[in-house]
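Peer 1: Listed below, chain by chain, are the residues.
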Amino acid sequence: DSGVTQTPKHLITATGQRVTLRCSPRSGDLSVYWYQQSLDQGLQFLIQYYNGEERAKGNILERFSAQQFPDLHSELNLSSLELGDSALYFCASSEFSGLAEAKNIQYFGAGTRLSVL
Amino acid sequence: AQSVAQPEDQVNVAEGNPLTVKCTYSVSGNPYLFWYVQYPNRGLQFLLKYITGDNLVKGSYGFEAEFNKSQTSFHLKKPSALVSDSALYFCAVRDAMGFKTIFGAGTRLFVKA
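Chains as they are written, first to last, in the working numbering: chain A, 1 to 117; chain B, 1 to 113.
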């Protein structure tokens with residue numbers, strides 16, 4: 001068990017809908033990362049938060065947004081869903097930021113499987 | 001820009017034989033390199049990392065990786081494969097000035113009994 005909790009495990013919804021994925025990082029970890037894993041795109045970095053602030057952005061669509069709350073849990077919001085958004089969404093957490101961040105291990109949750117029908 | 005290449009989609013090896021999963025990278029400055037493993041229906045798990053120092057890094061479950069700066073490679077190795085090593089393996093790279101981890105496409109390792 002990595003200590004990172006993601007809910008829900010599975011989500012089935014329709015095109016055009018909006019969903020929220022939730023992540024609780026490991027105790028003490030200040031950084032949260034979101035990734036999308038699909039068969040054709042591999043593991044894609046979406047966005048990182050550190051202690052409530054956005055730190056880095058990857059290939060995140062404008063229809064997607066995220067935030068990290070004062071208790072350090074994070075939510076990834078996906079709106080106007082399309083069939084192509086069906087994927088596994090992973091959250092990861094790590095302890096540090098800054099230069100130490102680059103050396104740090106990321107701990108991954110079990111993921112949320114999103115199916116858009 | 002950073003990039004990682006895992007040239008093999010799948011590696012097949014017999015149990016008890018040595019295994020190698022290949023990874024090459026491109027990054028400005030000193031690379032920080034990682035290997036992660038993903039078992040079915042699970043998140044990624046950290047195996048090992050190279051930050052600095054000895055080019056041969058030892059990690060979890062008997063895995064090791066060799067950093068080769070001239071060839072910009074970081075191949076994952078294990079002297080004797082187990083059926084339970086069958087999984088999806090990801091190489092990843094970060095640079096010291098960036099906050100992004102770039103993952104390779106993954107290599108599926110299949111160990112046959």
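Be careful, since some hints might not be right.
Derived BS3-like pairs (lysine-lysine); straight-line CA-CA distance at most 27 Å [claimed, not checked]:
| # | chain 1 | residue 1 | chain 2 | residue 2 |
| --- | --- | --- | --- | --- |
| 1 | A | 103 | B | 69 |
| 2 | B | 100 | A | 9 |
| 3 | B | 22 | A | 103 |
| 4 | A | 103 | A | 57 |
| 5 | B | 100 | B | 49 |
| 6 | B | 49 | A | 57 |
| 7 | A | 9 | B | 69 |
| 8 | B | 100 | A | 103 |
| 9 | B | 69 | B | 112 |
| 10 | B | 100 | A | 57 |
| 11 | B | 69 | B | 100 |
| 12 | B | 112 | A | 103 |
| 13 | B | 77 | A | 57 |
Which stretches of chain A does chain B cover? Using the computed rule of at least three CB atoms under 8 Å from a CB of chain B, they are [to be verified]:
| # | segment |
| --- | --- |
| 14 | 37-46 |
| 15 | 108-115 |
Counterexamples of contact, computed for chain A against chain B with all Cβ distances above 12 Å [as the list claims (entries may be wrong)]:
| # | residue |
| --- | --- |
| 16 | 2 |
| 17 | 6 |
| 18 | 12 |
| 19 | 13 |
| 20 | 16 |
| 21 | 18 |
| 22 | 56 |
| 23 | 71 |
| 24 | 75 |
| 25 | 88 |
Source of the hints: derived by calculation from the structure; they are not laboratory data. In this text, a Cβ means the ideal position worked out from N, Cα and C, and glycines have one as well.
Peer 1: Next, verify each hint and record whether it holds.
Peer 2: Hint-by-hint comparison with the structure:
no.: 1; hint: A:103 x B:69; result: holds, 17 Å
no.: 2; hint: B:100 x A:9; result: holds, 25 Å
no.: 3; hint: B:22 x A:103; result: holds, 21 Å
no.: 4; hint: A:103 x A:57; result: holds, 19 Å
no.: 5; hint: B:100 x B:49; result: holds, 16 Å
no.: 6; hint: B:49 x A:57; result: holds, 23 Å
no.: 7; hint: A:9 x B:69; result: violated, 40 Å
no.: 8; hint: B:100 x A:103; result: holds, 11 Å
no.: 9; hint: B:69 x B:112; result: violated, 32 Å
no.: 10; hint: B:100 x A:57; result: holds, 8 Å
no.: 11; hint: B:69 x B:100; result: holds, 21 Å
no.: 12; hint: B:112 x A:103; result: violated, 34 Å
no.: 13; hint: B:77 x A:57; result: violated, 32 Å
no.: 14; hint: 37-46; result: holds (count 3)
no.: 15; hint: 108-115; result: holds (count 4)
no.: 16; hint: 2; result: violated, 6 Å
no.: 17; hint: 6; result: violated, 8 Å
no.: 18; hint: 12; result: holds, 16 Å
no.: 19; hint: 13; result: holds, 20 Å
no.: 20; hint: 16; result: holds, 28 Å
no.: 21; hint: 18; result: holds, 24 Å
no.: 22; hint: 56; result: violated, 4 Å
no.: 23; hint: 71; result: holds, 21 Å
no.: 24; hint: 75; result: holds, 18 Å
no.: 25; hint: 88; result: violated, 9 Å
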